[in-house]
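Using the hints, position chains G and A against chain W.
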Amino acid sequence: MNAHKTRSWRLEKMATTLIWLFLIVACILVVIPLVFMFTAAAMPARDILRMPYPWIPEGFYWQNFWNGLRGPEGTFIFIRNALNSLIVAGTVSAFTVLFSSLAGYGLAKFEFKGRTLVFMLIMATMMIPFEAIMIPLYMVAMRMGLQDTYTGLILPFLANAFGVFLMRQYLITFPDEILDAARIDGASEPRIFSRIVLPSSGSAVATLAILAFRSQWDSLLWPLLVVQSDEMKTIPLYITKFMAETHSDEGIMMAIAVMASIPMIVLFLTLSKYFINKDGLTSATKG
Amino acid sequence: MHRKRGFSMEKKKARWGWVFVTPSLILFAAFSFYPIINAFYESFFNRNLLSLRPPRFVGWDNYTYLFGSKDFWLSVQNTLIFTLGTFLPLLVLSLVLAVFIMSIKRFRRFFQMAFYSPAVLSSVVAALIWLLIFDPRGLANQGLNALMGTAGVNYNWLSTTGMLRLSTIVVYFWKYIGYFTVIFVSGIGSIPDTLREAALIDGANRWTLFWYVTLPLLKPTTMLVSIMAMIQCLKTFSTQYMFTNAGAPTRPINVITLNIYNTAIKDYRIGRATAMSILLFIVMFAFTWLQLKVSRTEEVSHM
Amino acid sequence: MKKTSALLLIALSLLLAASVVGAQTIELTYWTHTDDNRTVIENRYIEEFQAMYPNVTIKRVVNEASKMGDLMLTAFSANNAPDIFNLPIEQEYGYMMHHRVAPVNYKAIGYKDAQDLASQYMPGTFDTVTMDGQIYGLPLELTNWSIYINKNIFRDAGLDPETDYPKTWEEMIEVADKLTLRNGEIITRRGFDFRYPYYLVAMLPMVEQLGGQLLSEDGKTAIVNDEAWIQVFEWFRTWGPHGRNLGSPTYTAARKIFNMDNNDIAMCLTGFYQQGRIRVDNPEFYDSGEWMVVPFPVFENAVNDVGCSYYGHFMMVNAQASAEKQEWAWKFIAYMLDHGWEYLETVNIIQPRQDLLDDPRYMELPYMNVFMDDMARSHMVFLHENGFQFERFIKEAIESVMLSNMPSDEALDILRERIQEVLDDSY
Numbered sequence: 001m002n003a004h005k006t007r008s009w010r011l012e013k014m015a016t017t018l019i020w021l022f023l024i025v026a027c028i029l030v031v032i033p034l035v036f037m038f039t040a041a042a043m044p045a046r047d048i049l050r051m052p053y054p055w056i057p058e059g060f061y062w063q064n065f066w067n068g069l070r071g072p073e074g075t076f077i078f079i080r081n082a083l084n085s086l087i088v089a090g091t092v093s094a095f096t097v098l099f100s101s102l103a104g105y106g107l108a109k110f111e112f113k114g115r116t117l118v119f120m121l122i123m124a125t126m127m128i129p130f131e132a133i134m135i136p137l138y139m140v141a142m143r144m145g146l147q148d149t150y151t152g153l154i155l156p157f158l159a160n161a162f163g164v165f166l167m168r169q170y171l172i173t174f175p176d177e178i179l180d181a182a183r184i185d186g187a188s189e190p191r192i193f194s195r196i197v198l199p200s201s202g203s204a205v206a207t208l209a210i211l212a213f214r215s216q217w218d219s220l221l222w223p224l225l226v227v228q229s230d231e232m233k234t235i236p237l238y239i240t241k242f243m244a245e246t247h248s249d250e251g252i253m254m255a256i257a258v259m260a261s262i263p264m265i266v267l268f269l270t271l272s273k274y275f276i277n278k279d280g281l282t283s284a285t286k287g
Numbered sequence: 001m002h003r004k005r006g007f008s009m010e011k012k013k014a015r016w017g018w019v020f021v022t023p024s025l026i027l028f029a030a031f032s033f034y035p036i037i038n039a040f041y042e043s044f045f046n047r048n049l050l051s052l053r054p055p056r057f058v059g060w061d062n063y064t065y066l067f068g069s070k071d072f073w074l075s076v077q078n079t080l081i082f083t084l085g086t087f088l089p090l091l092v093l094s095l096v097l098a099v100f101i102m103s104i105k106r107f108r109r110f111f112q113m114a115f116y117s118p119a120v121l122s123s124v125v126a127a128l129i130w131l132l133i134f135d136p137r138g139l140a141n142q143g144l145n146a147l148m149g150t151a152g153v154n155y156n157w158l159s160t161t162g163m164l165r166l167s168t169i170v171v172y173f174w175k176y177i178g179y180f181t182v183i184f185v186s187g188i189g190s191i192p193d194t195l196r197e198a199a200l201i202d203g204a205n206r207w208t209l210f211w212y213v214t215l216p217l218l219k220p221t222t223m224l225v226s227i228m229a230m231i232q233c234l235k236t237f238s239t240q241y242m243f244t245n246a247g248a249p250t251r252p253i254n255v256i257t258l259n260i261y262n263t264a265i266k267d268y269r270i271g272r273a274t275a276m277s278i279l280l281f282i283v284m285f286a287f288t289w290l291q292l293k294v295s296r297t298e299e300v301s302h303m
Numbered sequence: 001m002k003k004t005s006a007l008l009l010i011a012l013s014l015l016l017a018a019s020v021v022g023a024q025t026i027e028l029t030y031w032t033h034t035d036d037n038r039t040v041i042e043n044r045y046i047e048e049f050q051a052m053y054p055n056v057t058i059k060r061v062v063n064e065a066s067k068m069g070d071l072m073l074t075a076f077s078a079n080n081a082p083d084i085f086n087l088p089i090e091q092e093y094g095y096m097m098h099h100r101v102a103p104v105n106y107k108a109i110g111y112k113d114a115q116d117l118a119s120q121y122m123p124g125t126f127d128t129v130t131m132d133g134q135i136y137g138l139p140l141e142l143t144n145w146s147i148y149i150n151k152n153i154f155r156d157a158g159l160d161p162e163t164d165y166p167k168t169w170e171e172m173i174e175v176a177d178k179l180t181l182r183n184g185e186i187i188t189r190r191g192f193d194f195r196y197p198y199y200l201v202a203m204l205p206m207v208e209q210l211g212g213q214l215l216s217e218d219g220k221t222a223i224v225n226d227e228a229w230i231q232v233f234e235w236f237r238t239w240g241p242h243g244r245n246l247g248s249p250t251y252t253a254a255r256k257i258f259n260m261d262n263n264d265i266a267m268c269l270t271g272f273y274q275q276g277r278i279r280v281d282n283p284e285f286y287d288s289g290e291w292m293v294v295p296f297p298v299f300e301n302a303v304n305d306v307g308c309s310y311y312g313h314f315m316m317v318n319a320q321a322s323a324e325k326q327e328w329a330w331k332f333i334a335y336m337l338d339h340g341w342e343y344l345e346t347v348n349i350i351q352p353r354q355d356l357l358d359d360p361r362y363m364e365l366p367y368m369n370v371f372m373d374d375m376a377r378s379h380m381v382f383l384h385e386n387g388f389q390f391e392r393f394i395k396e397a398i399e400s401v402m403l404s405n406m407p408s409d410e411a412l413d414i415l416r417e418r419i420q421e422v423l424d425d426s427y
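Residue numbers (this note's numbering), protein chains in the order written: chain W, 1 to 287; chain G, 1 to 303; chain A, 1 to 427.
Chain W with its partners taken away, still in its complex shape (with noise of 0.2 Å):
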């Protein structure tokens, strides 16, 4: 009895040292790439392409950083652009918030004709391939005269099927009885959505929030046929645009790339504690 408890207890103990050993080097892997864009930035670009790697910069390499900033033309264009996809990216975000959960709580929470056909519809729309409506797309927007403006940027996204989806599916297992008694106190219908049910959504639009935010911070394809002065443009659009320029230094690309992530990782880690827990119970994809 004795002797197989402590069998037992042994065999617990190295599936736990494995677990952590697997853990960690998964970890590594994951984490390398990132460690390498770090470092690779404040390298000068003859030492990025060394074999090996060297993983330590030999003093900080500002020039990179400098020369990212400033532009193939000197102009600091960098900074209007980081602008611009902060302001698309932000205001894409609280409006598919917006428009996500009002759509996902009308279709949880409400029974109406035609529900199922509209949920249907929306789900439909998340199969969409872009390419394939790209064109379409982009004559409505021109017709509606949006070529370089932030709304020519901004409209099309605002709709977001998977918010709908994600918003849908936390708020159907929000309690009716709260719902009915906000009702029979006499609450009108929006109070209820904008003090009952969206201020305890809090997780589920934290997530949404980043996921929005993160596809416009990423969106390349769009802005590319919307935006043509240099003055809207994003900054997918300047990586690129230096990528193809004469002097595309690895260096200078790998510090642009930092400061392009700057903003996604300061929103990460503001959100985070929203939906990464160290119970995983808050989150609010609860499938």
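These aren't lab readings, by the way, just hints derived from the structure by calculation.
Where hints are given, some of them may not hold.
Stated by the list, open to error - Keeping only pairs whose Cα atoms sit at most 30 Å apart, straight-line, the calculated DSSO-like set for lysine-lysine is: (1) K67/A <-> K70/G; (2) K241/W <-> K167/A; (3) K59/A <-> K241/W; (4) K59/A <-> K220/A; (5) K273/W <-> K70/G; (6) K219/G <-> K105/G; (7) K67/A <-> K266/G; (8) K266/G <-> K220/A; (9) K70/G <-> K113/W; (10) K178/A <-> K167/A; (11) K220/A <-> K70/G; (12) K266/G <-> K241/W; (13) K107/A <-> K266/G; (14) K13/G <-> K113/W.
Unchecked claim - Pulled from the structure, derived: some chain A residues nowhere near chain G, Cβ distances all over 10 Å: (15) Y121; (16) T188; (17) I223; (18) K331.
These numbers come from a predicted model, not from an experiment.
Backbone N, C-alpha and C fix where the C-beta goes; we use that ideal spot for every residue, glycine too.
Positioned in the frame of chain W, the structure of chains G and A alone reads:
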């Protein structure tokens, strides 16, 4: 009891349902429904994007052409290889990582953050990093040489068919592993502790606990993850686009979306391109519908 | 009295109205590819032009060269294209064939007719942009590529750059092999490498040297002379990782790193304009004179002496712009292009204008004679309505042979099939 009043309240509620859904519906109509209907319409015509000549109605010709085109079937094959090669390992490994994370007591948050961190980078930045890593002089060759105990072997990450496909899968896998791990962790977290405790009292070990308690209860989460992962994989574009722009051969990674883009924008054949996208759309829709249907029955069986 | 004053008032108001209409601003958009040196001077031309004609405003939009074709097509397909643009002639050709661009307004820029305009340029300049006797574009540049050499690296490998430079493609492999440094199989210094996406410009002439053609004379059959194609395919296999391992498209573009003089690359294929870029990127290297330019090689068994094809960028005007806009667009284009010498000096791009070519300073420019001699034995890049598409097919074929080690005849069969399909299917 208050049948009449209840009925009118239902009606009122239904009205509010529409009110909440309408803003999104209008946006979807303009920027999703209209373009896809337009695309469907275009797929029955031959139109050269550059030409001012009116489009010519060709019926199902674009579709029959595609079914007989080797190039299209190669794209289908590439997309399937990519989807299966990414989707299955992604599903299994993110589940394993989530279970492992939940089985340790400390650093849970740390590990989740670490695995999630690549998802924070934008695709353009990710492609920049990986193109340098896959450069013949880059970390990928250095790492694999060290691992295999070879010296100076060029594993041709961006050139030979198999390696190139593997490279696109690696990039995708790297970007999404943390994302799905976090979803699984939250799924495990929402399993009531009482169930696990009961199982442990019954003498279950880690393995039986996972196999008979955790896994069955995770089915809804698994469904969500598989739908999302599959749609993402079928829609993959940016990695392949960036890699081919950087000199990698097109044929091995010419996935359907890349083919659509090139057929429309480089070959000017909008009809053929839209026919291809409609086919892709139908396949994705079928997959999702199937999975949703399966997952719905599962949900019911739990309750 | 009252009547006359009333009439006067009407006349006056009419005049006022007319002048208001006349002063209505013309807004022209001009899309072009990135080139820092050119941006500086063209922005100045725009300011000068706007100062001369206050009723005209010009919006110059810059995008990187590799995305330009895609963007232009999308804009044209949505009838939202710029008034003025330039693209490589291989791409512009289709725009002309589909009547999307307008013929030159000769009167507006001070010429009697097409002939009068053509007489001011090098003979043959307008051959590719002439349709039904009308000229559809004014050349911004005419460029051909020759081989740039880093003399230091040649000497480092024990070679004399002046005599040992490769004259044939067979020699190219041997010379490059001597220049290449490797760590195992991994190349750390290349002898030479191509500009991979531009197969019509640089690779098709190699086929032509051996007597091959992309299309038959009548333009109805794809691929002439299989042996020539297969020899070139095999040459590329030898060049790539499955052969002598001398270079491949997955390494950094040779032309970009040449300027750095970092002991990465000994030779690259590029145009006269590279000199302007070396001067900006690395003035020390430029002034050191440690670089030189040699002609485009030929095969030992070549039947035709063909150099790298030359290509052009032509300024074109959108046919859907109003007649008035078109007129102003041509005026503006002519104003810019009148600064031929400044384009040559600061951007190093060559406009084939007679006055420029006759200038005694012209041939004295560094290595201009090499470029001119190469151009004399070459021809304009292959042009076809679907040329751009063919280039993509050729790219896929070479990549399959070079990187995926596909047998040459199989790659050629796929290439033939795909081009033939496009030729047979005309809509």
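If you draw a straight line from the CA of K13/G to the CA of K113/W, is it 30 Å or shorter? Holds - the C-alpha atoms of K113/W and K13/G are around 11 Å apart, at most 30 Å.
Check the hint pairing K59/A with K241/W against an upper bound of 30 Å on the C-alpha distance. 19 Å, holds
Are the Cα atoms of K266/G and K220/A separated by 30 Å or less? 21 Å, holds
Proposed proximity, K70/G with K273/W (alpha carbon, max 30 Å): Between K273/W and K70/G the Cα gap is close to 50 Å, so the pair fails against 30 Å, i.e. violated.
So if I understand the rule, the pair passes when the alpha-carbon distance is 30 Å or less; does K67/A with K70/G pass? The given pair, whose Cα atoms are some 28 Å apart, holds under the 30 Å limit.
Has the given pair, K219/G with K105/G, been kept, meaning a C-alpha gap of at most 30 Å? Holds - the C-alpha atoms of K105/G and K219/G are around 24 Å apart, at most 30 Å.
Interface exclusion of Y121/A relative to chain G, criterion Cβ beyond 10 Å: The assertion about Y121/A holds, with a minimum of 27 Å to chain G.
Need the status of pair K220/A, K70/G: alpha-carbon distance at most 30 Å? 22 Å, holds
Keeping to a limit of 30 Å between CA atoms, is the pair of K266/G and K241/W held or broken? 20 Å, holds
Does the structure keep K241/W and K167/A at a Cα separation of 30 Å or less? 36 Å, violated
Just to be careful, I want the Cα atoms of K59/A and K220/A compared with a cutoff of 30 Å; is the pair within it? This hinted pair is violated, its Cα atoms lying about 42 Å apart.
The output says T188/A does not contact chain G. Does that hold with a beta carbon cutoff of 10 Å? 7 Å, violated
Violation of the numbered hints given earlier is confined to hints 2, 4, 5, 9, 13 and 16; the remaining hints are satisfied by the structure.
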